[in-house]
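Hey, can you work out the whole structure from these sequences and the hints?
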Amino acid sequence: MPATDSSSPRHDLIRLVEVLDSHQVEYLLVGGAAARAYGAKRPTEDADCVVRRERANLDRLAGAMRELNARLRVHGMTDDEARQLPVQLDGKMLASAEISTWMTDAGGLDVLSGLTGADGSLLPYEDLVARATVIRGAGFAIRAAALQDIITAKEHADRPKDRDALPELRTLRDAAS
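For the numbering used here, count along the sequence shown from 1 and bump the result up by 5.
Keep in mind the hints are simulated off the structure, nothing from the lab.
Mixed in with the good hints, there may be bad ones.
Restraint-style ranges between C-beta atoms, simulated for each label pair [as the list claims (entries may be wrong)]:
#1 T121 with L90: 25 to 31 Å
#2 T121 with S27: 27 to 33 Å
#3 Q89 with T121: 21 to 27 Å
#4 E173 with I104: 21 to 27 Å
#5 E72 with P172: 33 to 39 Å
#6 D124 with G81: 33 to 39 Å
#7 R164 with D124: 30 to 36 Å
#8 R60 with E173: 36 to 42 Å
#9 A180 with Q29: 29 to 35 Å
#10 L171 with D26: 26 to 32 Å
Idealized CB from N, CA, C, for every residue including glycine.
Structure below.
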């Protein structure tokens, strides 16, 4: 897990979403941030998103991330140290990584190429978007992967924090059906 320090910015999901949207990035929130949008109470320290891997979209994502002063999150490094790393943030660089972890001025951002599906295969943006939901709040809209897709991915990840989150997510799913 990437290290955090007192210099790390506070998580501001609304600002992150606003910047991604202003750059017309095709993405879906997944993980804890999406779960909170669905009503989960568990706190999260970052936002995970699955992005459409088409080059023009990755270029738009890079532009949004540059606007947010994105820098890599590196285990064992403070945010101030990570700011010193020379990183060429562009679509080509983003295309080269299945998963990348970043710190931005709006908090942590993990960029994923997909979510694990029921059969264990990786589901890209194009497979997830048809089931996705737009969750509206006071002055914002969040595009989130379907709650069942998030549950399935957490079941496959099988990390302690994912196992802990599953009962609440299943309750939210069942209440919505």
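Index of numbered hints that the structure contradicts, given in increasing order = 3, 7
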